[in-house]
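Enquirer: Here is how the chains run, residue by residue.
Protein chains: 2
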Amino acid sequence: MYFEMFTQMRKQLAQLDLWLEKAAEFARGKSFDPDSFLGFRLAPDQFAFARQVQIACDTAKLAASRLSGKEAPAFPDTEQTLEQLRDRIGKVIVYLEGFTSADFDGAVTRSISQPRWEGKTMSGADYFLEHAVPNFFFHLSHAYAILRHNGVALGKRDYLGTLSLRPAPDHR
Amino acid sequence: MYFEMFTQMRKQLAQLDLWLEKAAEFARGKSFDPDSFLGFRLAPDQFAFARQVQIACDTAKLAASRLSGKEAPAFPDTEQTLEQLRDRIGKVIVYLEGFTSADFDGAVTRSISQPRWEGKTMSGADYFLEHAVPNFFFHLSHAYAILRHNGVALGKRDYLGTLSLRPAPDHR
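Chains as they are written, first to last, in this note's numbering: chain V, 1 to 172; chain X, 1001 to 1172.
Hints in this document: simulated from the structure, not taken from any laboratory. Any given hint could turn out to be false.
Lysine-lysine pairs mimicking DSSO-like chemistry, simulated, CA-CA at most 27 Å apart [stated by the list, open to error]:
#1 X:Lys1156 - V:Lys156
#2 X:Lys1030 - V:Lys156
#3 X:Lys1120 - V:Lys156
#4 X:Lys1156 - V:Lys120
#5 X:Lys1011 - V:Lys120
#6 V:Lys11 - X:Lys1091
#7 X:Lys1022 - X:Lys1070
#8 X:Lys1022 - V:Lys11
#9 X:Lys1022 - X:Lys1091
#10 V:Lys11 - X:Lys1030
Remember, predicted model here, so these are calculated numbers, not experimental data.
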C-alpha cells in the first residue's frame, strides 16, 4: 500500500496547491498582500503557514525517498511568496510521479534513520505508519486550518478532492 | 496494511485522550471551565472542538466497521464535557482492539456506501485511502490545532506518541 498512499499524498498536494490559489484570490478580493499568508500561524509558538507547507512537502518527499532508496531533490526553504510555495508543491508532485509500485518492494524492512534520532532506527513499516503518514496529514491539515482561520473559503471537498465514486447500480 | 493503519489510529486516539487530559489541567490552572473547550473553533463556520473529536472517533470506527463488515456501536453525539468525550474515545479504542488482521482480508474489494453518496459506491481500497485516512487525520489535527490555538501546551511528541525506535548499533 506504500505506492498507493504516496499516490494519495500526491493528490492531497494538488489540493494544497488549489488552496494556495484560493488564498491568493481571497487576498486580492480583500486588497491585502497574498504573501502575508506565509507568516500567519495559529499559535505564537507554532510554525507559520509557509513552514507548514514546506514540511508537508518534505514529509512526502523524504518518506518516498527513504522507503525506496531513491535520491530526493533538495529545496532550500527560502520561499517568500505563495507562487514560490506553489512551485515547490509542483516539484514534489513531479518527484512523486516518478515512482512505481516496484520502487517500494523492500520498504517494509528498510532501516530508516534521521539525524535527530541519534543513531536509532525505525523499520520502514513503523516509520511509514507512525511517523510519515501522521506527520504529512498533520502539516497539511494545519495549512488548511490556518487558511480557514483567516477567512479563505475552503470546504471538505477542497480537502479531499474528487473521490473515485462508482455509479449507482441501475435498477430498471 | 489496513489492520496496521487501524492500530495506528488507535494509538492516535490514545494521544487525543492525552490532549484532553492536558486541556483539562490547563483550564484548571487558569481557573476557567475545562468544558468550554467543547465549543471552541478556528473559524465561525468550522466545526467546534467537540464535533472534531466526535468525527475523528466516528471516522476510525465506521471505517473499521465498513471495511470488515463488523457492526459498530452507535454513539449519540450528546457529550457535554471533556470527560464524556474521553469516555467516547475510550470506547472507540476498545472497539478497535477487537479487530484482527484477518477481519480486513476482503477489505480491498468491498463495496462501500454512505447515505450522502446517493447510491454511488467506492471500492474498499479507494474509500480507505481517499476518504477514511485523510478524514481521520484532518479532524484529529483540527482537534489538536484548536487546543494549541487556545494555549494548551502540546508538542509533536504529544501528537505522534512513542515511536518504535530501535537502539543504535553497538560499535565496540
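Enquirer: Please go over all the hints and tell whether each is borne out by the structure.
Expert: Do the hints match the structure? See the list:
1. X:Lys1156 - V:Lys156: The given pair, whose Cα atoms are some 25 Å apart, holds under the 27 Å limit.
2. X:Lys1030 - V:Lys156: This hinted pair is violated, its Cα atoms lying about 34 Å apart.
3. X:Lys1120 - V:Lys156: Cα-Cα ~18 Å, so holds.
4. X:Lys1156 - V:Lys120: 18 Å, holds
5. X:Lys1011 - V:Lys120: 21 Å, holds
6. V:Lys11 - X:Lys1091: 33 Å, violated
7. X:Lys1022 - X:Lys1070: 33 Å, violated
8. X:Lys1022 - V:Lys11: 34 Å, violated
9. X:Lys1022 - X:Lys1091: Answer holds: Lys1022 of chain X to Lys1091 of chain X is near 20 Å, not above 27 Å.
10. V:Lys11 - X:Lys1030: Violated. Lys11 of chain V to Lys1030 of chain X sits at ~42 Å, over the 27 Å cutoff.
Consistency with the previously given hints fails for numbers 2, 6, 7, 8, 10, ordered from lowest to highest.
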